Amino acid sequence: MPQVKILEEVCKGCGLCCDEVCPANILILSPDRINPSGYHPAEVTDNSKCIGCGYCFKICPEPAIEIYK
Amino acid sequence: MKQLFGRPAGLTDILQRYCPGCGHGVVHRIIGELLVKLNIRERTIGIAPVGCSVFADEYFNCDMIQPPHGRGPAVSTGIKRSRPDCIVFSYQGDGDLAAIGTAEVVHAAARNENITIIFINNAIFGMTGGQLAPTTLPGMKSTTSVQGRDIKKQGYPIKVCELLSGLDGPYYLARTAVNAPKNIINTEKALKTAFTYQIEEKGFSMVEILSMCPTNWGMTPVQSKKWIENTMVKYYPLGEYRNRAKEEK
Numbered sequence: 001m002p003q004v005k006i007l008e009e010v011c012k013g014c015g016l017c018c019d020e021v022c023p024a025n026i027l028i029l030s031p032d033r034i035n036p037s038g039y040h041p042a043e044v045t046d047n048s049k050c051i052g053c054g055y056c057f058k059i060c061p062e063p064a065i066e067i068y069k
Numbered sequence: 001m002k003q004l005f006g007r008p009a010g011l012t013d014i015l016q017r018y019c020p021g022c023g024h025g026v027v028h029r030i031i032g033e034l035l036v037k038l039n040i041r042e043r044t045i046g047i048a049p050v051g052c053s054v055f056a057d058e059y060f061n062c063d064m065i066q067p068p069h070g071r072g073p074a075v076s077t078g079i080k081r082s083r084p085d086c087i088v089f090s091y092q093g094d095g096d097l098a099a100i101g102t103a104e105v106v107h108a109a110a111r112n113e114n115i116t117i118i119f120i121n122n123a124i125f126g127m128t129g130g131q132l133a134p135t136t137l138p139g140m141k142s143t144t145s146v147q148g149r150d151i152k153k154q155g156y157p158i159k160v161c162e163l164l165s166g167l168d169g170p171y172y173l174a175r176t177a178v179n180a181p182k183n184i185i186n187t188e189k190a191l192k193t194a195f196t197y198q199i200e201e202k203g204f205s206m207v208e209i210l211s212m213c214p215t216n217w218g219m220t221p222v223q224s225k226k227w228i229e230n231t232m233v234k235y236y237p238l239g240e241y242r243n244r245a246k247e248e249k
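Residue numbers (my numbering), protein chains in the order written: chain A, 1 to 69; chain B, 1 to 249.
Looking at chain A on its own, in the form it has when it is part of the complex (with noise of 0.2 Å):
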């Protein structure tokens, strides 16, 4: 099974992957995490709901997001 991480330090938190991006909708902005460069990261809400497309990479302009299989 495929599986999104996404590295919290690197995320600003733009919100391109959560939005219409994601086949699998399975990707929103953290309401509660803080990473240190004050940003509210992009957080996996069903990581086995993942169909290991990578658009959510393809669309992070860090890249902020990997994808393991």
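Take these hints with a grain of salt, some might be off.
[Unchecked claim] If you want a taste of the chain A side facing chain B, the calculated C-beta under 10 Å gives, among others: (1) Ile6; (2) Cys11; (3) Gly15; (4) Asp19; (5) Val21; (6) Asp32; (7) Arg33; (8) Ile34; (9) Asp46; (10) Lys49; (11) Phe57; (12) Pro61; (13) Glu62; (14) Pro63; (15) Tyr68; (16) Lys69.
[Unchecked claim] Calculated cross-link-like contacts (lysine to any residue; reagent style SDA-like; alpha-carbon spacing at most 20 Å): (17) B/Lys2 <-> A/Asn25; (18) B/Lys182 <-> A/Gly54; (19) B/Lys182 <-> A/Ile67; (20) A/Lys5 <-> B/Asp13; (21) B/Lys226 <-> A/Ile28; (22) B/Lys189 <-> A/Gly54; (23) A/Lys49 <-> A/Ile67; (24) B/Lys226 <-> A/Gln3; (25) A/Lys5 <-> B/Lys2; (26) B/Lys182 <-> A/Leu7; (27) B/Lys182 <-> A/Cys53; (28) B/Lys2 <-> A/Gly52; (29) B/Lys226 <-> A/Glu66; (30) B/Lys226 <-> A/Asn25; (31) B/Lys37 <-> A/Gly54; (32) B/Lys37 <-> B/Pro8; (33) B/Lys2 <-> A/Leu7; (34) B/Lys182 <-> A/Met1; (35) B/Lys37 <-> A/Cys18; (36) B/Lys234 <-> B/Thr144; (37) B/Lys2 <-> A/Ile28; (38) B/Lys2 <-> A/Tyr68; (39) B/Lys226 <-> A/Glu20; (40) A/Lys5 <-> B/Lys189.
For the record, the hints were derived by calculation from the structure and aren't laboratory data.
The structure presented is a predicted model; accordingly, all values stated were derived computationally and were not measured.
Ideal Cβ placement from N, Cα and C applies to all residues, glycine included.
Fit chain B to the supplied structure of chain A, relying on the hints for placement.
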């Protein structure tokens, strides 16, 4: 666990100092991947522009030069002619390429120099604080056109791909965007084609990439990616403007 997607070896580990949602990072990642995929990282020399991406020399894991404002195509020409074995790419923004460096890019294209230009078009001057750029859309607000660009006073925007496609010289011209996964995949293809033509010594290739600038557009990153799709693409149509490999067939 095998890594399917991750930071490419063509980029250094330094954190990029761009604003959240900036399109530069996406293009950096694509170039970083191509340097490894095409096995050209060891013999590539990149040209960093003046603008937000002036620190690109810290981010790309290849040799880089930072020339004066707008002179990327001229410096690329010098490098390529003295070291023809090297792969040379010039990374430029719209203030760099379409304003102060217009003469350099037009003449490099007319001479069909064997170089690759990567042109980031965000329709505004990013680093200096959101002033009107030659690519600003009619009616678009900037800090020096607070009522919106008035075509009677400030004229019409420059469409660089259309401008250069009027010349006989260029080998490959394309316009893409980085606002959605589908457009990003097309950008990957266009940049790969551009670098491949340089490796095959075909000649001048330029890829214009429509990119987000949420800070200076006064939008959120999500609004700005929708603005590219709904407004910017209508004025700057995407697609291939010149591909002499296809025309010669």
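Hints and how they fare:
1. A least Cβ separation of about 12 Å between A/Ile6 and chain B goes past the 10 Å threshold, and the interface hint is therefore violated.
2. With a cut of 10 Å, the hint placing A/Cys11 at the interface with chain B holds, because the nearest CB-to-CB distance is about 9 Å.
3. Given hint, A/Gly15 at the interface with chain B, holds; its Cβ is 6 Å from that chain's nearest Cβ, closer than 10 Å.
4. Interface restraint check for A/Asp19: the shortest CB-CB distance to chain B comes to about 5 Å, inside 10 Å, so the restraint holds.
5. A hinted interface residue such as A/Val21 counts as satisfied when its beta carbon comes closer than 10 Å to some beta carbon of chain B; here the least separation is about 6 Å, so the hint holds.
6. Hint status for A/Asp32 relative to chain B: violated, with the closest Cβ pair at about 19 Å, above 10 Å.
7. Checking A/Arg33 against chain B by beta carbon gives a least distance of about 16 Å; that is not within 10 Å, so the hint is violated.
8. A cut of 10 Å between beta carbons decides the hint on A/Ile34: the least distance to chain B is about 14 Å, and the hint is violated.
9. For A/Asp46, the interface hint is violated, the least distance from its beta-carbon to any beta-carbon of chain B being 18 Å, above 10 Å.
10. About 16 Å separates the beta-carbon of A/Lys49 from the nearest beta-carbon of chain B, more than 10 Å, and the hint is not met.
11. For A/Phe57, the interface hint holds, since its Cβ comes within 10 Å of a Cβ in chain B; the closest pair sits about 4 Å apart.
12. Using the Cβ-Cβ criterion of 10 Å, the hint placing A/Pro61 at the interface with chain B is satisfied: the shortest such distance is roughly 3 Å.
13. The interface hint given for A/Glu62 holds, since its Cβ lies 6 Å from the closest Cβ of chain B, which is under the 10 Å cut-off.
14. Interface restraint check for A/Pro63: the shortest CB-CB distance to chain B comes to about 5 Å, inside 10 Å, so the restraint holds.
15. A least Cβ separation of about 4 Å between A/Tyr68 and chain B falls short of the 10 Å threshold, and the interface hint therefore holds.
16. The beta carbon of A/Lys69 comes within 5 Å of a beta carbon in chain B, closer than 10 Å, and the hint placing it at the interface holds.
17. With a C-alpha separation of about 23 Å, the suggested pairing of B/Lys2 with A/Asn25 is violated against the 20 Å cut-off.
18. This hinted pair checks out: B/Lys182 and A/Gly54 have alpha carbons roughly 12 Å apart, not beyond 20 Å.
19. Restraint check for B/Lys182 and A/Ile67: the C-alpha separation of about 19 Å stays at or below 20 Å, so the hint holds.
20. A threshold of 20 Å between alpha carbons decides the hint, and for A/Lys5 with B/Asp13 the separation of about 17 Å falls inside it, so the pair holds.
21. Restraint check for B/Lys226 and A/Ile28: the C-alpha separation of about 18 Å stays at or below 20 Å, so the hint holds.
22. Only pairs whose Cα atoms come within 20 Å are accepted, and B/Lys189 paired with A/Gly54 is accepted, the gap being roughly 16 Å.
23. Restraint check: the Cα-Cα separation between A/Lys49 and A/Ile67 comes to about 13 Å, which is no more than 20 Å; the hinted pair holds.
24. Simply put, B/Lys226 and A/Gln3 have alpha-carbon atoms about 28 Å apart, too far for the 20 Å limit, and the pair is violated.
25. A threshold of 20 Å between alpha carbons decides the hint, and for A/Lys5 with B/Lys2 the separation of about 13 Å falls inside it, so the pair holds.
26. Distance restraint check for B/Lys182 and A/Leu7: the Cα-Cα separation of roughly 24 Å exceeds the 20 Å cut-off, and the hinted pair is therefore not satisfied.
27. For the given pair, B/Lys182 sits about 12 Å from A/Cys53 by alpha-carbon distance, which is consistent with the 20 Å threshold.
28. Under the criterion of a C-alpha separation no larger than 20 Å, the hint pairing B/Lys2 with A/Gly52 is consistent with the structure, at around 12 Å.
29. Of the supplied pair hints, the one linking B/Lys226 and A/Glu66 is violated, its CA atoms being roughly 25 Å apart against a limit of 20 Å.
30. Distance check on the hinted pair: B/Lys226 and A/Asn25 sit about 18 Å apart at the alpha-carbon level, within 20 Å; holds.
31. Proposed proximity of B/Lys37 and A/Gly54 is supported: the alpha carbons are some 17 Å apart, at most 20 Å.
32. A threshold of 20 Å between alpha carbons decides the hint, and for B/Lys37 with B/Pro8 the separation of about 10 Å falls inside it, so the pair holds.
33. Pair hint B/Lys2 plus A/Leu7 holds up; C-alpha atoms about 17 Å apart against a cutoff of 20 Å.
34. With a CA separation close to 24 Å, the supplied pair B/Lys182 and A/Met1 exceeds the 20 Å bound.
35. For the hint linking B/Lys37 to A/Cys18, the alpha-carbon distance of about 28 Å lies beyond 20 Å, and the restraint is violated.
36. Straight-line distance between C-alpha atoms of B/Lys234 and B/Thr144 comes to about 23 Å, which puts the hinted pair past the 20 Å bound.
37. Distance restraint check for B/Lys2 and A/Ile28: the Cα-Cα separation of roughly 25 Å exceeds the 20 Å cut-off, and the hinted pair is therefore not satisfied.
38. With a C-alpha separation of about 5 Å, the suggested pair B/Lys2 and A/Tyr68 falls inside the 20 Å cut-off, and the hint holds.
39. Restraint check: the Cα-Cα separation between B/Lys226 and A/Glu20 comes to about 11 Å, which is no more than 20 Å; the hinted pair holds.
40. Of the pairs offered as hints, the one joining A/Lys5 and B/Lys189 is violated, with about 26 Å between alpha carbons and a cut-off of 20 Å exceeded.
Violation of the numbered hints given earlier is confined to hints 1, 6, 7, 8, 9, 10, 17, 24, 26, 29, 34, 35, 36, 37, 40; the remaining hints are satisfied by the structure.
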